[in-house]
Structures are given as C-alpha cells and as structure tokens.
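The listed protein sequences derive, respectively, from chains A and B.
Numbered per our numbering, the first sequence finishes at 437, counting up by one with no gaps.
Numbered per our numbering, the second sequence finishes at 165, counting up by one with no gaps.
In short, the hints are calculated from the structure, not lab data.
Mixed in with the good hints, there may be bad ones.
[What the hints assert, rightly or not] With a cut-off of at most 25 Å between alpha-carbon atoms, the simulated SDA-like pairs for lysine to any residue come out as follows:
| no. | chain 1 | residue 1 | chain 2 | residue 2 |
| --- | --- | --- | --- | --- |
| 1 | B | Lys142 | A | Leu405 |
| 2 | B | Lys142 | A | Gly136 |
| 3 | B | Lys142 | A | Ala306 |
| 4 | B | Lys142 | A | Ala106 |
| 5 | B | Lys142 | A | Pro51 |
| 6 | B | Lys142 | A | Gly386 |
| 7 | B | Lys142 | A | Ser60 |
| 8 | B | Lys127 | A | Val435 |
| 9 | B | Lys142 | A | Ile287 |
| 10 | B | Lys142 | A | Leu220 |
| 11 | B | Lys142 | A | Arg195 |
| 12 | B | Lys142 | A | Gln302 |
| 13 | B | Lys142 | A | Glu102 |
| 14 | B | Lys127 | A | Glu434 |
[Claimed, not checked] Estimated spans, in silico, between C-beta atoms of each pair:
| no. | chain 1 | residue 1 | chain 2 | residue 2 | range |
| --- | --- | --- | --- | --- | --- |
| 15 | B | Val66 | A | Gln281 | 38 to 46 Å |
| 16 | B | Arg92 | A | Gln281 | 48 to 56 Å |
| 17 | A | Ala244 | B | Phe26 | 41 to 49 Å |
| 18 | B | Val66 | A | Arg135 | 34 to 42 Å |
| 19 | B | Leu87 | A | Gly352 | 38 to 46 Å |
| 20 | A | Glu401 | B | Arg92 | 38 to 46 Å |
| 21 | B | Glu95 | A | Gln45 | 37 to 45 Å |
| 22 | A | Asp178 | B | Glu59 | 32 to 40 Å |
| 23 | A | Pro398 | B | Glu59 | 53 to 61 Å |
| 24 | A | Pro398 | B | Leu87 | 38 to 46 Å |
| 25 | B | Lys85 | A | Gly372 | 28 to 36 Å |
| 26 | B | Phe26 | A | Asp219 | 51 to 59 Å |
[Claimed, not checked] Pulled a few chain B residues facing chain A out of the computed Cβ check, cut under 10 Å:
| no. | residue |
| --- | --- |
| 27 | Val15 |
| 28 | Asn20 |
| 29 | Arg24 |
| 30 | Arg28 |
| 31 | Val37 |
| 32 | Gly44 |
| 33 | Glu64 |
| 34 | Gly67 |
| 35 | Ala69 |
| 36 | Ile70 |
| 37 | Thr72 |
| 38 | Leu87 |
| 39 | Tyr137 |
| 40 | Val141 |
Just so we're clear, the structure is a prediction, and the values are computed from it rather than from any experiment.
Quick reminder that beta carbons are idealized off the backbone N, C-alpha and C, glycines included.
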Amino acid sequence: MHQPTTSAPARAAAGGSAIAASTAAGAAPSYDLERVRADFPLLAQTIHGRPLIYLDNAASSQKPRAVLEAIAGCYRDYYANVGRGVHRLAQLATAARERARETVRAFVGAAAAEEIVFVSGTTEAINLVAHSYGRGRRTGLAAGDEVLVTAMEHHSNLVPWQLLCEERGASLRVVPIDRRGELDLAALRRLLSPRTRIVAVAHVSNVLGTINPVAEIADLVHRSGAVLLVDGAQAAPHLTVDVAMLGCDFYAFSGHKVYGPSGIGALYGRAELLAAMPPWQGGGGMIEQVRFEGTTYAPPPQRFEAGTPNIEGAIGLAAALDYLTTLGLNAVAVWEGRLLQRAAERLSAIPGVQLVGSARERAGLLSFLVEGVHPHDVGTVLDGLGIAVRAGHHCAQPLMEVLELPATTRASFGLYNTLDEVDALAAAVERVREVFA
Amino acid sequence: MSGGFGELQDLYGEVILDHNRRPRNFGRLPGASHSAVGYNPLCGDRVEVYLRVEQGRIEEIAFEGVGCAISTASASMMTEALRGKSLEETRRLFERFHALVTGAPDGGGSTRGGADTAGGGALELGKLAAFAGVGEYPMRVKCATLAWHALQSALAAGKATAGRG
C-alpha cells in the first residue's frame with residue numbers, strides 16, 4: 001500500500017481531475033468562495049491566536065447560517081410534536097418535516113418520499129437494515145448465508161453485519177482492495193455466490209478517499225440475487241447521489257457531514273424491500289392499530305420511525321441539502337477537486353511525506369504519513385497552528401491492519417476551504433518535519 | 001523550534017523531543033521478572049514494559065513499542081526515573097506524575113523547571129516535570145500515562161508474566 005512518494009501526486013492529481021472532468025462538462029461554473037465562507041459563522045474565529053483552518057470535514061462539517069436559522073425558526077415559530085396533533089402548530093411542524101423528507105428524496109433521486117426513512121445518522125441506518133431486513137421473517141438471513149463487506153469499511157458498516165452474522169450463523173466475507181486502495185472487483189465477482197444475501201459497500205472511503213464504482217457493483221450484486229447497501233456518509237457531501245442511477249437497494253447518509261445538524265440522517269430503501277421488512281423498534285408513530293392481542297404496523301417509512309423523532313434535525317437537514325443544491329453539487333465537486341489536487345501536489349512534494357492510497361477516483365480527503373512522526377504529534381502541531389485535522393485509525397481498524405499502519409493523519413476538505421488553506425497545511429507539515437527533525 | 005508555536009513548546013519541549021529521538025532503555029530486558037503490554041486502542045500506540053524487581057526494588061527497567069512522541073518520551077523518561085526506586089516510591093511517583101499531566105492542583109507545578117533539584121527526595125518529579133504541558137492537552141494524557149499503566153499492570157500481575165526474554 002505504501003506508494004513511492006514521487007508517483008503519488010500524478011495519480012492523486014488524476015483522481016482530482018477525474019472528478020472535475022465528470023462534472024464540469026460545460027463552462028466552468030462560477031463559485032463565489034468568499035460568499036460561501038461568509039455563510040459559515042464558525043469559520044471566522046482564531047485558534048491558538050491563528051485563523052481557524054478547518055480540515056476535519058470528513059469527521060463532521062460546519063453549518064451554514066441557513067441551517068442554524070432553520071433549526072432556530074422551527075423552535076421559535078412552529079414547534080410541536082408531529083404526526084397526530086389536530087392543532088395548528090402540530091400541522092405546521094408535521095408539514096415541515098414531510099417537506100424535509102421530500103427534499104431528501106429529491107437529493108438522492110428516490111422515486112417516492114415513502115422510500116426515505118429518517119434516522120439518527122448513517123450508523124443507525126445501517127443498523128436498521130441489519131436488524132429489520134437481516135432478521136425479518138421474509139427477508140432475514142439463515143445459517144450458511146453470507147454478507148460481503150469490503151476491506152475499506154468504517155466500523156459502522158462492519159460491526160452491525162458481524163452482529164447479524166453471529167446471531168444467524170451466517171458468514172461475513174471481505175472483498176479486498178488493491179495497492180492503490182481500489183476495490184478488487186475481480187475478487188468481488190469470485191466472492192459473490194447464491195449464498196450471498198447482502199453486500200455492504202462504502203460509496204467513498206473515509207480513509208483513502210476512494211470512490212467505489214457503485215453502479216458496476218450493484219449490477220454484479222443483483223445478478224447474483226443479493227441486495228446492495230451503500231454507506232454514503234463520505235459521498236453525500238461531495239458527489240451527486242442518484243440512487244436510481246447507482247442502482248443500489250439501500251443508501252445511508254448522515255446530516256452532520258453534509259453541513260446539516262448532528263443526530264439526523266436518512267436511509268433510502270427500495271419501496272418493495274421496505275414493504276417486506278418488519279419494524280425494528282416499537283413505540284408510538286410506527287403503528288396502525290394497537291391491541292393487547294397484537295398490533296399492526298404502519299406502512300414505510302413510519303413503520304421504521306418509532307417515537308418522537310428529531311423534528312428540528314430533519315428541518316435543519318433539509319435546509320443543508322437546499323444550501324448544497326443551490327450552490328450546485330457540480331460546482332462544489334469541481335472546487336473540491338481543485339483543493340484535493342493542490343493538496344496532493346503540495347504534500348507529496350515534501351520530503352518524507354507519503355500519501356496513503358492513490359485511487360484513480362477520489363473525493364474529499366487525503367490521508368498521509370510524515371516519516372518518523374506519529375500522526376497524533378502531527379495533529380497536535382497542526383492544531384497549534386490553527387489547523388484542525390484528524391489523526392488515528394478513523395474507525396477503520398481492519399483497514400489500518402491491511403495497510404499495516406497504526407494510524408494516519410487525514411486532511412478532509414469541504415466546500416468552504418480555500419487554496420490558501422491547503423498551502424498553509426503544506427507549510428505546517430513542513431514545520432512538523434522541522435520540530436521533530 | 002522558533003516562534004509561532006506558542007504553548008506547543010510547553011508540550012514538545014527539548015527534553016521530550018530528545019527522548020523521542022533517542023529513547024533510553026529501549027529494547028527487551030533479558031531476565032525480566034515482570035512485564036506487561038500497554039495498548040491504547042484509540043491511537044494504536046503500544047508499549048511493553050520490562051522490569052527486574054529484587055527485594056521490592058526496581059533493579060532494571062526497559063521498554064519497547066511504537067507510539068507518539070509523548071508516549072515514547074514518557075516511557076523513556078519513566079525508565080530513567082524508576083531505576084533503583086522501591087515499589088512504594090514508584091507508586092508515589094506515579095501519583096505525582098498523574099496529577100501533573102492531568103493538571104490536578106498538586107500537579108508538581110513547584111518542581112516545574114526544577115529538574116535538577118539537587119538531593120531531591122524520591123518523590124521529586126525531576127525531569128518528569130517536562131510533561132507539565134500535557135495538562136493543557138486532555139487528549140494526550142493517555143499518551144503520557146500509557147507506559148506507567150503498563151508498569152502498573154506488570155507489577156500487579158506479579159510473577160505471572162515473568163520470564164519473558
């Protein structure tokens with residue numbers, strides 16, 4: 001996995017341009033970076049006396065004023081519980097939350113709003129599918145069945161499947177990655193069999209930045225009769241998501257990584273699959289009729305939304321998605337492609353700095369190593385210079401084992417980052433080298 | 001490390017950087033009576049501490065492993081500080097060190113910069129005072145105490161893990 005430093009920039013740059021090329025067919029879209037930055041009040045602060053440079057967007061992103069205002073507005077103007085209230089405020093809150101569902105539907109390209117389940121985030125979405133689909137009477141796994149994951153999965157797209165397999169006597173198989181950090185599709189073909197029931201794949205790797213070819217994977221998975229769940233946590237902020245074009249059966253993402261609030265996310269599920277799935281949590285809101293002798297359940301998506309939901313979260317998420325679509329995901333992708341390309345060039349030009357992963361298609365982030373310096377020390381020195389990055393195993397311990405690394409430093413970009421900030425990152429990494437020389 | 005780092009200099013002082021570059025007592029200890037591994041799952045740091053204890057006194061001590069500058073330097077300086085110390089002195093020194101890096105009121109602030117207090121008793125932090133800066137970085141406390149916790153496990157495990165190497 002360790003790439004020679006000299007060849008890394010070219011590959012990474014190619015990845016950056018690939019993103020740009022696929023999204024900027026016509027004239028270069030205008031992108032008013034100064035205005036964008038002004039939309040994010042948190043960015044205008046200093047850390048340890050230096051201007052904040054926030055490069056930890058893959059962990060969580062900052063929020064535009066439109067999101068803050070949407071949440072405050074809900075509480076200030078029309079807050080009440082949703083669902084059954086007959087009064088005016090309940091109607092307003094319910095309508096706003098259902099409009100938010102429609103916004104999410106449009107954002108992911110689903111056919112119907114009923115295919116969108118509100119959840120607390122990607123982790124809960126995946127657990128929902130593992131519990132409900134994975135353990136359902138009509139859809140559940142049996143002993144001897146198999147679940148396929150990839151070597152680059154976040155713990156949240158691995159552990160729920162381990163729990164399911166353990167309980168059901170099923171096996172978990174792992175699709176390997178190659179030296180560049182791309183998925184080994186030939187191995188996927190070999191591993192797929194009539195025993196395969198569920199395949200779970202990240203759209204974008206949170207460590208390597210690799211964009212996986214979901215449409216191609218979906219085709220292979222469906223030909224072998226399995227269903228495909230895509231962990232879109234790292235993709236939704238950077239790529240146009242269209243579940244119809246991707247052809248996946250489930251798609252999960254988190255609000256807090258797409259400039260929305262934390263504690264909210266969405267699961268897209270193909271209508272006929274959701275219809276066949278049993279509830280996974282019981283409570284109010286998910287029932288049709290409750291009697292002591294037995295209860296019948298509401299149709300999707302309410303069937304999967306027990307209890308009073310995160311109302312203001314859904315409304316804030318919709319505001320974030322509106323913000324993104326107004327800016328234009330293509331324009332965002334082109335800008336972030338430039339940031340990524342510049343970062344790859346600058347960092348790999350520093351002696352002793354090595355990029356981790358060199359997939360041809362990448363989005364959003366770069367993992368790197370500084371020779372002789374532990375990633376935590378890199379992170380702490382960068383913090384002292386006002387730069388927020390992530391250091392560690394990034395909740396992907398099995399992948400770190402494959403890479404034979406205890407940890408990496410990860411710089412992850414968002415739509416408000418600047419080329420100057422990328423240059424400051426590179427300069428700071430040079431400082432790290434000096435400090436620990 | 002010229003200007004611009006501000007309080008970072010408190011964390012990565014020259015003593016710490018030096019022990020990170022050239023860890024002392026690094027390697028296995030043949031004939032160790034005690035040993036234990038310390039592992040920080042959060043960052044993947046791993047340190048193994050080896051001791052030869054005779055009649056309640058640490059005669060020899062060494063460590064090996066991979067970690068950040070703070071955990072490496074802490075392990076290295078711990079081995080220097082503890083050679084020849086009794087187990088009771090060791091326990092009390094860890095208490096003081098722990099208070100220092102967690103920023104507790106009795107964190108040995110008075111010994112800060114007093115590394116060479118001549119004739120200091122067994123409880124003087126001495127060079128370990130270099131870790132006072134960690135108090136400002138709560139995320140790094142576990143790094144500074146990793147080797148110490150491994151030492152504790154080694155001593156608590158008694159002879160059960162003896163005879164390695």
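Hint-by-hint comparison with the structure:
no. : hint                             : verdict
1   : Lys142/B <-> Leu405/A            : holds, 20 Å
2   : Lys142/B <-> Gly136/A            : violated, 43 Å
3   : Lys142/B <-> Ala306/A            : violated, 39 Å
4   : Lys142/B <-> Ala106/A            : violated, 46 Å
5   : Lys142/B <-> Pro51/A             : violated, 28 Å
6   : Lys142/B <-> Gly386/A            : holds, 23 Å
7   : Lys142/B <-> Ser60/A             : holds, 24 Å
8   : Lys127/B <-> Val435/A            : holds, 20 Å
9   : Lys142/B <-> Ile287/A            : violated, 47 Å
10  : Lys142/B <-> Leu220/A            : violated, 46 Å
11  : Lys142/B <-> Arg195/A            : violated, 45 Å
12  : Lys142/B <-> Gln302/A            : violated, 44 Å
13  : Lys142/B <-> Glu102/A            : violated, 46 Å
14  : Lys127/B <-> Glu434/A            : holds, 24 Å
15  : Val66/B <-> Gln281/A: 38 to 46 Å : holds, 42 Å
16  : Arg92/B <-> Gln281/A: 48 to 56 Å : holds, 51 Å
17  : Ala244/A <-> Phe26/B: 41 to 49 Å : violated, 58 Å
18  : Val66/B <-> Arg135/A: 34 to 42 Å : holds, 41 Å
19  : Leu87/B <-> Gly352/A: 38 to 46 Å : holds, 42 Å
20  : Glu401/A <-> Arg92/B: 38 to 46 Å : holds, 39 Å
21  : Glu95/B <-> Gln45/A: 37 to 45 Å  : holds, 38 Å
22  : Asp178/A <-> Glu59/B: 32 to 40 Å : violated, 51 Å
23  : Pro398/A <-> Glu59/B: 53 to 61 Å : violated, 41 Å
24  : Pro398/A <-> Leu87/B: 38 to 46 Å : holds, 40 Å
25  : Lys85/B <-> Gly372/A: 28 to 36 Å : holds, 31 Å
26  : Phe26/B <-> Asp219/A: 51 to 59 Å : holds, 54 Å
27  : Val15                            : violated, 14 Å
28  : Asn20                            : holds, 7 Å
29  : Arg24                            : violated, 18 Å
30  : Arg28                            : violated, 20 Å
31  : Val37                            : violated, 14 Å
32  : Gly44                            : holds, 3 Å
33  : Glu64                            : violated, 15 Å
34  : Gly67                            : holds, 7 Å
35  : Ala69                            : holds, 5 Å
36  : Ile70                            : holds, 7 Å
37  : Thr72                            : holds, 8 Å
38  : Leu87                            : violated, 31 Å
39  : Tyr137                           : holds, 7 Å
40  : Val141                           : violated, 12 Å
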